[in-house]
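**Student:** Required output: the full structure, derived from the provided sequences and hints.
For the sequence shown, this note's numbering assigns the number 697 to the initial residue and increments by one for each residue that follows.
These are calculated hints, taken from the structure and not from any lab test. Only a predicted model underlies this, so the values are computations on that prediction, with no experimental measurement involved. A few of these clues could be false.
No farther apart than 25 Å at their CA atoms in a straight line, the calculated lysine-lysine pairs in the BS3-like style are these [stated by the list, open to error]: (1) 882 with 921; (2) 841 with 716; (3) 915 with 962; (4) 940 with 915; (5) 841 with 940.
Ranges of calculated distance between the beta carbons of each label pair, as one might list FRET restraints [to be verified]: (6) 733 with 941: 40 to 46 Å; (7) 911 with 860: 36 to 42 Å; (8) 980 with 844: 21 to 27 Å.
All C-beta atoms, glycine included, are put in the ideal place defined by N, C-alpha and C.
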Amino acid sequence: MAVTCTRFTDEYQLYEEIGKGAFSVVRRCVKLCTGHEYAAKIINTKKLSARDHQKLEREARICRLLKHPNIVRLHDSISEEGFHYLIFDLVTGGELFEDIVAREYYSEADASHCIQQILEAVLHCHQMGVVHRDLKPENLLLASKCKGAAVKLADFGLAIEVQGEQQAWFGFAGTPGYLSPEVLRKEAYGKPVDIWACGVILYILLVGYPPFWDEDQHKLYQQIKAGAYDFPSPEWDTVTPEAKNLINQMLTINPAKRITAHEALKHPWVCQRSTVASMMHRQETVECLKKFNARRKLKGAILTTMLATRNFSAAKSLLNKKTDVGKPQTNSTKNSAGVTSPKGPIPPAALEPQTTVIHNLVDGIKESSDSTHTNPEDEEMKVMKFSDILSSVRRGSGALEAEGPQPAVAQQPLSPSFPHSPLAQRK
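**Tutor:** Laid out in structure tokens, this is it:
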């Protein structure tokens, strides 16, 4: 699919707005000659810098490479004076994690099916020489609201192209709780960073909370670099050993020893789930996931306001106040890995936000940098935890990456409770 120069309105009819960012809007559209519905991401290129134009071209180029049933597909790209139109699949099922909490039944086998589809998408990316770099719940959508709808991987705004198994320093980019140890250490990295993020996602799919967390982002990064996570009782007692084994292979600190997407798809827990994965309903996982989702939405709403108003200090103050709501007063203990771990409810800040850490923010657009002079631990102060505004198209009824919560979200408890046992280190 080549970039065309025909006027967008000659081929498509625009309808309602379904998402909005600082420099872009997403609207439902219909192709006149076929009647097929799509989502048009309309970027106001007059507001973009030369560097931003390069990033837009990179994202479009990468999206054109990817043609897979588990990836939101780019069907057309039209450039006109002042505007650029990216025509994507219209996905109407919303976020995968939101769908899970609405189900009457959710089991380990369902989690296996979810991660299988995610891995299929990641494998296709890697086969095409693409590293996503920002795998997280916000970028996992459903094709429709029909039961059994396909999972779709979205948002390639941070994706990069690599040659084969190339490892290099491509810049510090991603979302805090999903960053791999090699990125935090500012070492050469490549495709394995996506597998690490898949391991974090799988962990959440099984119990509803993340493997790495701390109120302090520096301590969070220390946990990740140490591979300090565990499988605490009682919620992990009902998870099969095979599921834990796959997580361990995904969350291996050494990227050279980390399982690949191809290998993970051959893991018994994935390819033989009907006989290996448990079919037991996981109600506690669903309840924890509801709170996890509420926390993500609240942070998204605050960060959207921050970007829209450019009132960064006020937004950060608001964020701090919000995270104090319902915050439990718990005693903490130090384990052998030097990580603080509460014995009671997880503090709200522990629930992974959807924010994307980046270098060199330009007008609210996330980007990576080749700079090697910034410590990862300083990123929060450097970029104030920005969300991506120029994200790939979201669902038909939703918004862009930084989206607001439903009216009732702020009223929901933000902190799931779970016991904690000594953390293990996985090398």
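**Student:** Take the C-alpha atoms of residue 915 and residue 962, compute the straight-line distance between them, and say whether it is at most 25 Å.
**Tutor:** violated (34 Å)
**Student:** Between residue 733 and residue 941, does the beta-carbon spacing fit 40 to 46 Å?
**Tutor:** holds (42 Å)
**Student:** Compare the distance between the alpha carbons of residue 841 and residue 940 with 25 Å, and conclude whether the hinted pair is satisfied.
**Tutor:** violated (30 Å)
**Student:** Hinted pair, alpha-carbon criterion (25 Å max): residue 940, residue 915. Please report holds or violated.
**Tutor:** holds (24 Å)
**Student:** Between residue 841 and residue 716, is the straight-line Cα distance small enough, at 25 Å or below?
**Tutor:** holds (22 Å)
**Student:** Given a hint of 36 to 42 Å, does the C-beta separation of residue 911 and residue 860 actually sit inside it?
**Tutor:** Given about 40 Å between the Cβ atoms, the range holds.
**Student:** Taking 25 Å as the top limit, are the C-alpha atoms of residue 882 and residue 921 close enough?
**Tutor:** holds (11 Å)
**Student:** Taking the Cβ atom of residue 980 and the Cβ atom of residue 844, is their distance within the range 21 to 27 Å?
**Tutor:** For residue 980 and residue 844 the Cβ distance comes to about 24 Å; the hint holds.
The structure is inconsistent with the numbered hints 3, 5, although it conforms to all the rest.
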